[in-house]
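Number of protein chains: 2
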Amino acid sequence: MSFKLTILGCHSATPRTLAHTSSQYVEMNNERFLIDCGEGTQRQLRKYKVTFSKIKYVFISHLHGDHFFGLIGLISTFSLLNRKTELHIYGPKGIKEIILLQLKLSKSWVDYPLYFNELDSKESELILDNAKIEVHTIPLKHRVYTNGFLFKEKVKSRKLNMSAVKLHPEIDICDYQNLKDGKDFKNEDGSLIDNKLLTHDPPAPISYAYCSDTAFTESIIPLVKDVDLLYHESTFLDKHEELATKTKHSTAYQAATIALKASVKKLILGHYSSRYDSLELFKEEAEQLFRPVILAQAGKEIKVSNQN
Amino acid sequence: MSFKLTILGCHSATPRTLAHTSSQYVEMNNERFLIDCGEGTQRQLRKYKVTFSKIKYVFISHLHGDHFFGLIGLISTFSLLNRKTELHIYGPKGIKEIILLQLKLSKSWVDYPLYFNELDSKESELILDNAKIEVHTIPLKHRVYTNGFLFKEKVKSRKLNMSAVKLHPEIDICDYQNLKDGKDFKNEDGSLIDNKLLTHDPPAPISYAYCSDTAFTESIIPLVKDVDLLYHESTFLDKHEELATKTKHSTAYQAATIALKASVKKLILGHYSSRYDSLELFKEEAEQLFRPVILAQAGKEIKVSNQN
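Taken in sequence, the protein lines are chains A and B.
So the first sequence is numbered by the working numbering: it starts at 1 and just counts up by one.
So the second sequence is numbered by the working numbering: it starts at 1 and just counts up by one.
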């Protein structure tokens with residue numbers, strides 16, 4: 001099982017000379033996708049040498065500009081690069097109209113299959129379920145309709161314990177798939193050999209939850225329970241909690257509260273307001289409650305590898 | 001009279017690590033405006049220390065992404081920066097719908113007066129006429145409806161020749177405005193003193209023509225006749241003239257042909273295709289026919305100052 005997250009941008013509001021708005025590129029179990037797509041994301045993809053063409057899915061949390069103004073440019077660039085493979089966009093209702101209107105008025109129809117999956121449910125939904133991953137929405141509380149996303153690898157087959165298997169010459173190569181699927185081995189006399197004696201557990205599937213933008217809400221805790229990595233926005237520090245409440249954002253301390261209560265393995269902070277001089281302040285505040293804390297920064301790669 | 005042009009981006013198609021798509025910032029006779037606004041323009045404005053808030057007009061030539069995908073971000077950023085002064089957008093019909101749809105779906109109405117002036121005429125029009133400048137469209141030939149823009153300073157008042165004026169004690173300070181307006185001085189006995197004996201010509205008004213994107217078309221020559229500066233796109237070199245014709249773009253040689261036939265004072269080239277290794281090739285090609293040629297490059301400032 002493998003997971004690599006590349007932060008392309010992690011600041012709130014507007015792009016600045018050294019601040020890129022939200023976007024993340026993820027490789028998970030050989031699927032490649034983008035989460036949010038602020039203005040300039042395609043430039044960041046080039047900067048960090050991401051192979052554009054392999055991105056198959058784009059998940060847009062909400063329609064504030066710092067999370068999606070780069071999407072139309074990316075879709076157009078895919079077309080200019082002669083993309084032929086399909087692209088699936090997941091985002092709030094309305095996103096299809098915005099994109100198609102711009103393609104229509106610029107007479108720039110794309111030549112590749114472009115699918116929109118518009119979201120409007122207030123409940124968590126399973127929105128993608130293929131052989132490699134599944135993706136659920138995490139309803140968030142913001143000024144406009146917003147979803148976080150929970151990405152989970154599919155559980156792989158059990159691994160054969162070959163030294164154990166070879167002690168039983170009655171087990172034929174044709175039986176291996178059943179063993180990998182978790183079935184016990186049935187001898188000719190009807191007696192069983194427990195599957196666990198013949199196989200190892202598969203690597204634990206990796207899970208990643210992305211939560212931006214949102215006010216502090218404990219409703220997300222059961223949805224992100226025990227994940228390997230939680231990205232939770234921390235636009236403000238605790239001293240500006242009132243402002244966070246007013247603008248429906250979170251503080252670093254609140255993000256850490258969610259991480260703690262959901263027993264996640266690691267917390268990533270991001271979506272920083274530009275009012276602070278140092279990002280370390282966010283980390284110090286969250287670490288009062290939870291560890292480990294990782295600061296999202298453009299270009300940072302975060303890897304998870306579960307091996308058994 | 002004063003004119004300063006700052007190139008923010010001058011490459012075609014898609015933004016790349018070292019290539020920014022079309023946008024120019026202009027200060028002309030104390031008016032500040034933007035011409036075209038590709039993705040990432042607001043970052044370029046910050047990079048080159050342009051005071052955002054003073055931009056009053058934005059002129060969009062056409063709705064291809066490399067000329068306007070940065071507009072919605074700029075409009076939103078103005079709002080986040082608490083802009084209160086009015087902003088006037090000039091661009092092809094449809095631009096208002098694109099912008100307003102995005103503001104509506106993101107619930108991000110702007111707090112400042114935002115005016116749209118949608119263009120759909122195929123003839124040259126006077127679209128802005130104030131005390132300082134006038135702006136005319138230059139209909140271009142491209143794959144979608146496209147205008148270039150001709151910017152002209154207003155002619156200023158004549159300048160008093162004070163040493164000459166003082167030779168005539170009968171001329172009162174109350175008469176100065178009439179002299180500045182070009183009127184002759186009338187003595188009590190009805191005789192006239194020729195205005196030209198009492199005043200100097202005002203500085204010559206500066207004119208700038210922006211022509212991107214367009215196939216080679218001589219129809220623009222009378223519209224850009226004698227301008228101080230002509231920006232004419234040169235997406236291709238002459239060896240790719242066939243491709244230029246097919247995509248309705250121009251070569252550097254064709255841009256120089258327009259400059260020569262219109263007797264402009266200087267030619268600026270830009271909107272380069274990424275297929276060429278060196279921009280100098282564009283300059284060399286255009287200089288076979290016309291001089292001086294300036295290569296647009298991000299960050300380059302081009303000034304014109306007419307003094308009498």
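Hints are computed from structural coordinates only; laboratory data are not their basis.
Among these hints, one or two may not hold up.
You can't tell identical chains apart in this list, so a pair holds if it fits in one copy or across any two.
Said to hold, decoys possible - List time: in silico DSSO-like cross-link candidates among lysine-lysine, alpha-carbon distance up to 27 angstroms:
id: 1; residue 1: Lys-266; residue 2: Lys-154
id: 2; residue 1: Lys-152; residue 2: Lys-180
id: 3; residue 1: Lys-180; residue 2: Lys-84
id: 4; residue 1: Lys-283; residue 2: Lys-56
id: 5; residue 1: Lys-246; residue 2: Lys-49
id: 6; residue 1: Lys-156; residue 2: Lys-122
id: 7; residue 1: Lys-248; residue 2: Lys-107
id: 8; residue 1: Lys-84; residue 2: Lys-246
id: 9; residue 1: Lys-122; residue 2: Lys-54
id: 10; residue 1: Lys-154; residue 2: Lys-303
id: 11; residue 1: Lys-248; residue 2: Lys-104
id: 12; residue 1: Lys-122; residue 2: Lys-104
id: 13; residue 1: Lys-107; residue 2: Lys-122
id: 14; residue 1: Lys-104; residue 2: Lys-93
id: 15; residue 1: Lys-166; residue 2: Lys-265
id: 16; residue 1: Lys-265; residue 2: Lys-186
id: 17; residue 1: Lys-104; residue 2: Lys-47
id: 18; residue 1: Lys-300; residue 2: Lys-47
id: 19; residue 1: Lys-107; residue 2: Lys-93
id: 20; residue 1: Lys-152; residue 2: Lys-265
id: 21; residue 1: Lys-107; residue 2: Lys-141
id: 22; residue 1: Lys-96; residue 2: Lys-107
id: 23; residue 1: Lys-141; residue 2: Lys-104
Here is what the structure says about each hint:
1. Proximity of Lys-266 and Lys-154 under a CA criterion of 27 angstroms is satisfied intra-copy only: 20 angstroms inside one chain copy versus 63 angstroms between copies.
2. Taking identical chains as interchangeable, the C-alpha atoms of Lys-152 and Lys-180 lie at most 27 angstroms apart only when both belong to the same chain, with a minimum of 21 angstroms there against 77 angstroms between chains.
3. With identical chains, the CA atoms of Lys-180 and Lys-84 are never at most 27 angstroms apart, being 36 angstroms at best within one copy and 66 angstroms at best between copies.
4. Taking the closest pair of Cα atoms, Lys-283 and Lys-56 never come within 27 angstroms of each other, the shortest separation being 33 angstroms inside a single copy and 41 angstroms across copies.
5. Taking the closest pair of Cα atoms, Lys-246 and Lys-49 never come within 27 angstroms of each other, the shortest separation being 38 angstroms inside a single copy and 32 angstroms across copies.
6. In the homo-oligomer, the alpha carbons of Lys-156 and Lys-122 never lie at most 27 angstroms apart, since the shortest distance is 31 angstroms inside one protomer and 62 angstroms across protomers.
7. For the identical chains of this complex, Lys-248 and Lys-107 are inter-copy neighbours only, at 14 angstroms across copies versus 38 angstroms inside a copy, given an alpha-carbon limit of 27 angstroms.
8. In this homomeric assembly, Lys-84 and Lys-246 come within 27 angstroms of each other (Cα to Cα) only across copies, at 22 angstroms, whereas the closest approach inside a single copy is 45 angstroms.
9. Taking the closest pair of Cα atoms, Lys-122 and Lys-54 never come within 27 angstroms of each other, the shortest separation being 31 angstroms inside a single copy and 42 angstroms across copies.
10. Only within a single protomer do Lys-154 and Lys-303 lie at most 27 angstroms apart by alpha-carbon distance; the minimum there is 18 angstroms, versus 61 angstroms between protomers.
11. Proximity of Lys-248 and Lys-104 under a CA criterion of 27 angstroms is satisfied inter-copy only: 19 angstroms between copies versus 35 angstroms inside one chain copy.
12. Taking identical chains as interchangeable, the C-alpha atoms of Lys-122 and Lys-104 lie at most 27 angstroms apart only when they sit on different chains, with a minimum of 20 angstroms there against 31 angstroms within one chain.
13. Only between protomers do Lys-107 and Lys-122 lie at most 27 angstroms apart by alpha-carbon distance; the minimum there is 18 angstroms, versus 35 angstroms within a single protomer.
14. Proximity of Lys-104 and Lys-93 under a CA criterion of 27 angstroms is satisfied in both settings, with 19 angstroms inside one chain copy and 12 angstroms between copies.
15. Taking the closest pair of Cα atoms, Lys-166 and Lys-265 never come within 27 angstroms of each other, the shortest separation being 37 angstroms inside a single copy and 88 angstroms across copies.
16. In this homomeric assembly, Lys-265 and Lys-186 never come within 27 angstroms of each other (Cα to Cα): the closest approach is 39 angstroms inside a single copy and 92 angstroms across copies.
17. Within a single copy, Lys-104 and Lys-47 get their C-alpha atoms no closer than 30 angstroms, and across copies no closer than 32 angstroms, so neither meets the 27 angstroms cut-off.
18. Proximity of Lys-300 to Lys-47 under the C-alpha cut-off of 27 angstroms is found in both arrangements, the shortest distances being 12 angstroms within a copy and 23 angstroms between copies.
19. Taking CA atoms no more than 27 angstroms apart as the test, Lys-107 paired with Lys-93 passes in both settings, with 23 angstroms inside one copy and 13 angstroms between copies.
20. When the C-alpha separation of Lys-152 and Lys-265 is checked against a cutoff of 27 angstroms, the pair qualifies only within one copy, where the shortest distance is 14 angstroms, while the shortest distance between copies is 63 angstroms.
21. Taking CA atoms no more than 27 angstroms apart as the test, Lys-107 paired with Lys-141 passes between copies only; the shortest distance there is 15 angstroms, against 37 angstroms inside one copy.
22. Proximity of Lys-96 and Lys-107 under a CA criterion of 27 angstroms is satisfied in both settings, with 16 angstroms inside one chain copy and 17 angstroms between copies.
23. For the homomeric pair Lys-141 and Lys-104, the shortest alpha-carbon distance between copies (19 angstroms) is at most 27 angstroms, but the shortest distance inside one copy (33 angstroms) is not.
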